[in-house]
Each structure stands twice: as C-alpha cells, then as structure tokens.
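Just so you know, the sequences run in chain order A, B and C. Plus 550 on top of the position in the first sequence (first one is 1) and you've got my numbering. Plus 550 on top of the position in the second sequence (first one is 1) and you've got my numbering. Plus 550 on top of the position in the third sequence (first one is 1) and you've got my numbering.
Calculated directly from the structure, the hints in this document are not laboratory data. All clues given are correct.
Intra- or inter-copy, both count: the list cannot distinguish identical chains.
Lysine-lysine pairs mimicking DSS-like chemistry, simulated, CA-CA at most 27 Å apart: (1) Lys867 x Lys642; (2) Lys623 x Lys850; (3) Lys554 x Lys693; (4) Lys623 x Lys867; (5) Lys623 x Lys726; (6) Lys554 x Lys642.
This one's a predicted model, so the numbers in the text were calculated from it and none came from an experiment.
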Amino acid sequence: MFLKNCWYVAAWDHELIDGRMLARTLLEQRVLLYRGDSGQVVALADRCCHRGAPLHLGRREGDCVRCMYHGLKFDPSGKCVQIPGQDVIPPKLGVRSYPVVLRDHLVWIWMGDPERANPDDILDYPFLRSPQWKGVPDYLHYKANYLLIVDNLSDFAHLAFVHTHTLGGSEDYAYKTRPVAIERLERGFRVERWHMDAPPPPFHRKVIPDPQQNVDRRNIGHMHIPGVFFLESLFAPAGSGAEKGHLQGAREYRNCQFMTPETRRTTHFFWNYLNNFEGEDHNISRSLHQSLIEGFMEDKHIIEAQQQILDEDPEFKMLAVAADAPLSHFRWTLDKLIRQEQEGTRPVAPGARQPDPATAGAAA
Amino acid sequence: MFLKNCWYVAAWDHELIDGRMLARTLLEQRVLLYRGDSGQVVALADRCCHRGAPLHLGRREGDCVRCMYHGLKFDPSGKCVQIPGQDVIPPKLGVRSYPVVLRDHLVWIWMGDPERANPDDILDYPFLRSPQWKGVPDYLHYKANYLLIVDNLSDFAHLAFVHTHTLGGSEDYAYKTRPVAIERLERGFRVERWHMDAPPPPFHRKVIPDPQQNVDRRNIGHMHIPGVFFLESLFAPAGSGAEKGHLQGAREYRNCQFMTPETRRTTHFFWNYLNNFEGEDHNISRSLHQSLIEGFMEDKHIIEAQQQILDEDPEFKMLAVAADAPLSHFRWTLDKLIRQEQEGTRPVAPGARQPDPATAGAAA
Amino acid sequence: MFLKNCWYVAAWDHELIDGRMLARTLLEQRVLLYRGDSGQVVALADRCCHRGAPLHLGRREGDCVRCMYHGLKFDPSGKCVQIPGQDVIPPKLGVRSYPVVLRDHLVWIWMGDPERANPDDILDYPFLRSPQWKGVPDYLHYKANYLLIVDNLSDFAHLAFVHTHTLGGSEDYAYKTRPVAIERLERGFRVERWHMDAPPPPFHRKVIPDPQQNVDRRNIGHMHIPGVFFLESLFAPAGSGAEKGHLQGAREYRNCQFMTPETRRTTHFFWNYLNNFEGEDHNISRSLHQSLIEGFMEDKHIIEAQQQILDEDPEFKMLAVAADAPLSHFRWTLDKLIRQEQEGTRPVAPGARQPDPATAGAAA
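Generate coordinates for the entire structure from the input sequences, incorporating the hints supplied.
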C-alpha cells in the first residue's frame, strides 16, 4: 500500500533536542527516534522484542536505549546487548533498526530494504541550508491519507476557492489563469502557472511595502515521489516583464512540504515557507508562517472531510476533470512503483535534483 | 436494510431558514438540504462527484450550489453547470438529487427510485396546518435504530414503568388497563387504550385548571410505515361518559413523531405535541414541550442502552410477550415490503389518511 | 478464549452496599450484581429476555429485580415471575443466573456450567478474614488483557525498572538477585526471591521507624489459575538471619490481587495490601495503599501501552528470556485447561490452599 524503498521525512531535527525520545508511527510502523550522546540519530522499532513494551517509555543510555519494563538494552543497530539477570544473550535477539540520515534539518528515514538505502537518493532542497532563505519549520498532523494532500497541491485552482481570502486572493485565479506548462516527470510532475496584473494575495500583501500595487504572479510546483512538494513563487510588479525574465523588484518564496504517511488515513505534514527578502526582520517569516497556517487549516478542513466521505463509501469513484492531469500522472506513477516493489522489480532510480539556490533564488 | 421507495421526513422547514446548508445523513446517505432563492427546497448528494468534497462546505448561488474545493457548480437537479477553467462539461457529470416536498412545515424526501415518487403518498397530518392546534416542533437525535423507537411506541404499557413520574402517572396504567382494540393495518397498526378514573399524569396536571380531579384517559395510536406515529390523547373528567362519546370538558392532544433512519444505529426523531385548548396562552405549549422532552429523555436512555446490548450480541433473540402483537405485525409488514422492494416487486400503495381536523379534534 | 469453569472475583462486598445495582461485564458477559433484602447476593444476566433492556436500570424488589421498560419481574434464579397485563407466564421465560458466593469480603462468581460450581474450589486467602492483618481493599480498571497483568507479576525483575522509585527501590534488584526457587504447580506457580542487605524500598521506608537501616527482603509469589496472585513479603534487619528462619524484628505483608477479565482487552483488578504490624495506626494501611496505587499506575501505564502494541500487530511474536519460565508455564497450563474445557474434558480439580494465617503470618 505504501512505497517502502524510498526516503521519507521522519522529523525535523529540532524535534530531537534535549534527549527527546520521539515515538512516531510511519507507514503504520511504530518507530522510536532519538539522538545518541555521539550525535548519531537512531531509529528503532518502538517495540521491545521481549514482551512488546514500547521502547519510547525506556531510557536512553549513550547511543543505546534500555526498555524500562525488564531492562533489556539495545544498541543503535537494534541488537540486544544486555538482559539483566541473564548471562547469555541469543545473538539474534534485537529489534529492527531503520537507516536514517540527518540533512539540512530534516531526518530522512528508509522504511524498506536497508540494503537499498542510498543517501544519494535523498531529495535535495538547498534552500533549507542557504543563509539567504529564511523561514519557520513546522509540522501539522492530518487525519487524511497523504495522497489527498498531494492531490490538493496538484491543482492550483483550489487557491481560488479554498483560499480566497488567504493564500489565493480572488476567484479570478481559477477563471483567468491556466497552467502554462504541465510536465510529466519520471517520478512526479512540474506545473507552472501565471496570474498577470492582479492585486497581491492577502498573505503576500502583509509583508510588502506597497500592498496596493498590482503584481504578476508565477507559481512553479514540483511534486516528487513519494509525496514531496517544492513550490517556487514569484511576485513581480505588474507589467515589469517578469515573464520575460526581468526580475527587478520581484520577491520570491520557496515552499517545501513533505507528506509522510502515518497510517493509510493519517499523515505527518512537515513544511517550511522560505523567503529571501526579510533580511534581519524576522517578523516577515513570522507573518508568513501565520498566514500559511491559516491557509493550511482551510485545506485540512476540506481534506479531512473528504477522507471521511471516502471512508464511508469505498465504492465511490471520483470523476476526473481536465485539471486533474498532474495528479493522475502522479498516482499512476506511484502505483506502478509500488507494484514493481511488491513484485520484486527494482524501481527506477530517483534523481530529481533542484537547481542551485545561488542562481535560482534571484532576490528583490 | 431500509425501505427506500417511501417518503421520510428529512427536516422541519425552520431548519432551512437563513440560507442554511443542512448536511444530514439519511438512510446512510449524506444529503445536503437547502432552500434556493426561488424558495425551492433542494436535496442533493452531499459529495462532489469530482473529488468527493462535501457540498455543504460549498456556497449556495441562487438555487444552485458551488463546491468550494475546485469550484464546480451544480443546479437543483444535480447537473454540473460550471467547471472553472474548463469549457466543456461532460453531460453526465453531476450528483444525485432527491425528490423533496415541503408540506405543513415538514420536508419530505424520497430516497428510492425517483420515478416512483408520488407526493400523493405522503402521510397527511392536518393538525400541523390547523390554526386551532398549537405546539412546538422539535428534533432529537437517537443513538439507536429507528425500529427500537417504533417498538417503544407500540406498547403503551411502557408509560407505567419508563414514565411513571412524567408521561405515565402511575404503574396502574400497566396493571389495570389493556388495549381495547389492536387493528392490523396494511401499512401499520392502530391501538386504543382507556384508563378510567385515575389522577391525571404529571405532564397533563401542569396545564389544567383542576389538577386534583380524576380523569378518564384515552390513547389512540397509529403507526405507519416506514416509522411515523400519530397519537390522539383525550382526558375527560372521570365518569363524564367520554367512552360513550360525551366529550364535554375533555381536553385533547395530537402528537406526531417521525422516525427517520440516519444509519442502522442512529435515528432522526422529529416531533410535535399539539393541543387544542391553549388559546393565546403559549405557556401551555411550552410546558407540554418541556414535559415531553423529559419523557423522551427517559425513552432515549433505555432505548440507547438497549441498542448497545443488541450490538454486543447479534445472537440474542428477543422473546415476545402478548403485548408485542402490534410491533410484531409492524416488523413483519415492513420486512415484507423491503423484501418486495429488493426483489423488484412494486409495493402496495400507501394510503393511510387522517380524518379532517375540523371534525376529528373536538375540543373542550 | 476464557476458562469458564472456575471461580472469578466479581466484586468486593462493599460495592454492593446501599442496595446498589452493580452492572459489571465479566468474561464479555453483562452481569447485574446486587444483594437482596434477605442478604443473598444475586448475579443475573444484565439483559431482559423480552426486549434486551438492561436490568441494572431496573428496580430491586426484595430479592427480585423488575425490568423498568415493560415491568417484567425476575427472581434470584432468573425466572420471570410477573408480566404486567399478562396472566400466563411461559415457564421457560427468564434470564440466566450465575452461582455466586460471598466469602471474606469477596463476591466470587462461576461463569461456566452451574452444575460444576463447587464453593470448595474457591481459592482461600485467610489473611482477608484475620483480625491481625489490616489493609484497604480497592479496585483498578485496566485497558489490557488480564494475562498481561499475570505476566507482569510473574517476573519480579520488573520491580527494578518499572518501580525503581516506588515498590522496587533500586535496579540492583534485577542485577544482584535471582529467584531461589521457581515451582511449577498443577494450576500455577510459586516463585521465591531474596534481596540481601539493601536499603528498604520507598513504600516500606515510609512506614517503618528506622528507614536508614538496610534490610533483607524476601518475596514469595503464588499465581493461581485463572489469575489470582498472592504475595508474601518479608523485610528483616540485614544480617539478622531471616533466611535461616530468624524472624525477630521482621515485618511482613500479604498482598492479594485478583485479575478478572472484563473483555479480552480489559480487566477488573481487585487488590488488598495487608500488613500485620500497624496495630491501631491505620495511617500505615493508608500509606501502603497510596504507595501501591502509585506503583500500580506505573504497571498500568506500561501494560496498557503493551496491549495497544499487541493489538496493532497480531503477527508479533514475543521472544522469551530465561526469566519467563513461570509465565510460560502458567500460560501453557491455562491453555491446556481451556482446551480441555472446550473439548468437554473435565478439568483437574483446583486445590490450592493457603497455610493458616496464625502460623504463616509471623509478625515483628
């Protein structure tokens, strides 16, 4: 049901500070995440192999964890290294460990065959490590399947109706604009859409010096398997020629959203909305952070309602409209990869790379 | 599981004022109810045919509704009449609409084959439109199958035990009285029961000038398929000859209760308890309204407990006592109609009509 | 799934005072418990045979109970003795009654074949009736299968990790001590464990005059089918020779815990922690009572988490360590008895008897 041989985001690094033992269900498996004394991030099955007690109620000891029911101790590889009151430890006694990589403040985890876990396959988002891009990393929990969130992000027209007064700005967005390009990628899609000469949408209006001036707006979205969305947004003074590459006076955003299935009906949603123009004024990040939460709550409201409706009637068949081409491609691709994985065929190598932030993020 | 080709009450008309979009599950189907600008009551499947978003989160536009996820617009027949950003609309794109009729403050809905929906088959209750009968229309939600409420109303003996201190008055009602008539009807039953020379029950005592005087009490209940209960109650001074038709000094009530399945385990319960003697003193209606709620809460408590018990053990077989004849007939009749409906046989035509209120409701 | 032909604890006698109608689910059956006017304890199926209404919402009349839905009345044997408004009562009409025995403040119930119910088979715990042993009887509800609590009590090593700062005292208990004896009994097991020359654990330290002095600690636990635990604890001054039978200056506890399945996932837990040294100072009982609740909450926290984990993955196989010998024997024995019961073989007679309290409970 889930693609397993790929990298998912398991946590932001700040969720593991102060020795926290983070219990998190990922792809319907209970995982315990923590950083050992050495700094190493450890991911183990959150279930003692002895009597099934949860290890997150245990105690971290160096890079190891001790179950606080009967005292069994496990090292970062999951191997049992101590049983109080017993001298011999069966060599195979232990819990599953998962490959994890800490990169650019994200903890990535590999839920499939550890042999295939190659950190080079982790999707790269350089804006998260670039000092010129600022934002507030955050997390939301969704009571909905992660693909409903992928769907949501696949059609920008929803900005007009779900987010009229927040992220969208007006219903014109749905009527007057269309995608100028929809590209089917090997592991996802790319969509580009322009909206010329319109008032800036509310979230942008709050952080710019001249909120009355009309803007030309460009959104470029990339969706990647298994559920990672990168959005480049550009707002330029209306008529300044942004569509021809004149970016004088433009402001840009980089938005990353990582959807990781908790269960088939719930999702971990990690995100950051970065700007490259705030300088030292962190209130711009804070304003954008608040605006985005407001917008995400609008999505969450309708998507969770949608999940309930789908749960009630498994017979219901959705009907596609023209704008569903990207999401149809995404689901088709993902289904194929899952099928290949289950049949034992090696999936195609991921390779989506982002451009360099120094050149890509032209600032105002 | 439910009889579909018949009229159910979906709402009181006051539930649709101020443009309210009423989301209500009926027979396990999500329905959106609203009144359009023209005054027309519209009932549509509360699920957009595109991605399954709930239409009740949408926006009413005239007599139409627009889904506020991607902006599809539907007319009162359920046909999709606009897709923002798309010029051609597939002719079959749309959602299901249900026949509805607004009559005497009740919204009736037909959940089965629309071809068979004949408004002449709607059960008539003239007391709801007669100016001499006054009451407060109300609604209760039950966590129980609607037939458990039908059962409850089939044996007035429960008045003695469930409602001793509210609607019943004393346990004598169960010991000293018996139905004088039980009539099996083609689509329901009629029960008549007298209780002679007893103190008035508490709910009645509160609204009469001489609460110390004993009364002769007559209850006549009609239960109709699918779950509609009409009760005529008469209280006459004890010994005044009401049983011989002398109604001098009698006071009467007309009580209607409409049980509509929400799911197989929950029920919408619409009711009104009408009197014909309050004149302009609306406090009598209000007192009766409060007394009835008190009594219904007693029913609800035991019926919902009963539902839980039945859910726990599907093997449990109830044992009938003599007083169960009416409910047995009702369930047998309903089962037969459902079976015929599922086999495609046309059910017998409903035709239960109430007498004219002008002659039927002889007042004090 | 449960052993039925054996005695379980259904309640403490104080739960039935003041005419209380106690509704309690036992082995997934709803049972109503009450004491009649004669003093007799009655246990009936808590479901009227007529329409399934719960009898605990009914009314006690002498030793009988009346269903307050339609008024059917049942005697202590479950036989229906009155149907209001009906002269003839079918002779088989009635509800199931269960054999119950009130002994030493415990209400024991037999959920299986009543023919086989022999009060002589009830496990005897004389300390509950001995005036020299004092304690506070209490009850906890567990959201876990009762066998997980049996498991918990089977390995005292958990004292070191779960109860380090309450009932255990230190982690040394797990590292420095081992059971000196594990006896497999026909219907349970016996475990004895000593911990020499250690500081008294917190719960004991609070009720003794010299909390600084080290103690020699002996625990002897008996676990009996179906889930009854008796624990004898002894604390003697370190080096006083308690292990050779010199009990001068020793203090003792008798702890009984009765685990009765409510459902396969929930448990009634009755317990009393008795001491023989408080004399008239009831604050010692109260202090021990509070300490034990504190400790039990630690157990409950981890055992309920364990239940959730086991529920999530029925495929999970626990791995036994050496200390699991007693619980493995217990589960093997219980499984065998359940299998024999389901195949119709008569189970072996229970016969676990406790020693006489006058000789067994040597006091300080």
